[in-house]
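With these hints in hand, go ahead and build the complete structure from the sequences.
For the record, in the sequence shown the residue sitting at position 146 is 146 according to the UniProt record's numbering, with numbers rising by one throughout.
FYI, nobody ran anything at the bench for these hints, they're computed from the structure. Worth double-checking, as some hints may not be accurate.
Each computed BS3-like pair below joins lysine-lysine, with the alpha-carbon atoms no more than 25 Å apart [to be verified]:
| id | residue 1 | residue 2 |
| --- | --- | --- |
| 1 | Lys164 | Lys32 |
| 2 | Lys176 | Lys32 |
| 3 | Lys52 | Lys176 |
| 4 | Lys151 | Lys164 |
| 5 | Lys52 | Lys164 |
| 6 | Lys113 | Lys151 |
| 7 | Lys32 | Lys113 |
| 8 | Lys151 | Lys167 |
| 9 | Lys32 | Lys167 |
| 10 | Lys176 | Lys164 |
| 11 | Lys32 | Lys173 |
| 12 | Lys32 | Lys52 |
| 13 | Lys52 | Lys173 |
The calculated label-pair distances, taken between Cβ atoms and stated as ranges, are [what the hints assert, rightly or not]:
| id | residue 1 | residue 2 | range |
| --- | --- | --- | --- |
| 14 | Thr87 | Glu29 | 14 to 20 Å |
| 15 | Gly19 | Arg53 | 33 to 39 Å |
| 16 | Asp203 | Phe15 | 27 to 33 Å |
Just so we're clear, the structure is a prediction, and the values are computed from it rather than from any experiment. Positions of the beta carbon are idealized from the N, C-alpha and C atoms, including for glycine.
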Amino acid sequence: MFLTRSEYDRGVNTFSPEGRLFQVEYAIEAIKLGSTAVGIQTSQGIILAVEKRITSPLLVASSIEKIIEIDSHLGCAMSGLTADARTMIDHARVAAQSRPFGVALLIGGVDEKGPQLYHADPSGTFMQYDAKAIGSGSEGAQTELQEEYHKSLTLVEAETLSLKVLKQVMEEKLNKTNIELASITSEHGFRIYSEDELQAVIDRL
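Dropping the structure here:
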């Protein structure tokens, strides 16, 4: 005897007869509504760039944090539910959580092997990428990354490419208040760019 669709819907670890986990699928759909994030790996380090959606002129743009430092040599960009991202980062995906998180993460870091970029999704899958986009504009952004990325990119070129990709997929005009940019290198560790530094990169576009 099979369970009804609604009963499969409620279980986070109950497969439907078609082999689907509906709760995980719903969490992945939540990410597609989130702001676009881009990660690029170069030989010199990692670049993370994120769109910040400012929903009100009264909202203080600097209060929106989409890139978070995990450690001095490790950071991540998020797309999806920000509160879920904070929970994931704080608890490192504790096994006892009762539902899939509605967030995807681009995790960049530098170790003895050099810079590395990973993508983690609600199913618990994580894969390494040279360049990856997540969020609502991810399809167009990923296509652009596939055309423009090459292994010999410098960190400065990756800064420019990440903002160029965001500029193409963002609904509003890209400026220093509605994006976030960070780098992770062996020399300087994790660093979020100031508004002046952001403007300097925007001026190169």
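Verification of the hints:
1. Using a Cα cut-off of 25 Å, the hinted pair Lys164 and Lys32 holds, with the two alpha carbons roughly 20 Å apart.
2. With a CA separation close to 24 Å, the supplied pair Lys176 and Lys32 stays within the 25 Å bound.
3. Straight-line distance between C-alpha atoms of Lys52 and Lys176 comes to about 10 Å, which keeps the hinted pair within the 25 Å bound.
4. Note on Lys151 and Lys164: the hinted pairing holds, with a Cα-Cα distance of about 18 Å set against a maximum of 25 Å.
5. The suggested pairing of Lys52 with Lys164 holds, with an alpha-carbon distance near 15 Å, which does not exceed 25 Å.
6. Between the alpha carbons of Lys113 and Lys151 the distance comes to roughly 16 Å, so the proposed pair stays at or under 25 Å and holds.
7. A C-alpha spacing of about 32 Å is found between Lys32 and Lys113, which places the hinted pair above 25 Å, so the restraint is violated.
8. Restraint check for Lys151 and Lys167: satisfied, since their Cα atoms lie roughly 22 Å apart, inside the 25 Å limit.
9. Restraint check: the Cα-Cα separation between Lys32 and Lys167 comes to about 18 Å, which is no more than 25 Å; the hinted pair holds.
10. Of the pairs offered as hints, the one joining Lys176 and Lys164 holds, with about 13 Å between alpha carbons and a cut-off of 25 Å not exceeded.
11. A C-alpha spacing of about 20 Å is found between Lys32 and Lys173, which places the hinted pair at or below 25 Å, so the restraint holds.
12. Distance check on the hinted pair: Lys32 and Lys52 sit about 15 Å apart at the alpha-carbon level, within 25 Å; holds.
13. Between Lys52 and Lys173 the alpha-carbon distance is near 11 Å, which keeps this suggested pair within the 25 Å criterion.
14. Taking the beta carbon of each, Thr87 and Glu29 are about 19 Å apart, inside 14 to 20 Å as hinted.
15. For Gly19 paired with Arg53, a C-beta distance near 35 Å keeps the hint of 33 to 39 Å intact.
16. In this structure the hint that Asp203 and Phe15 lie 27 to 33 Å apart at CB is violated, the actual value being about 52 Å.
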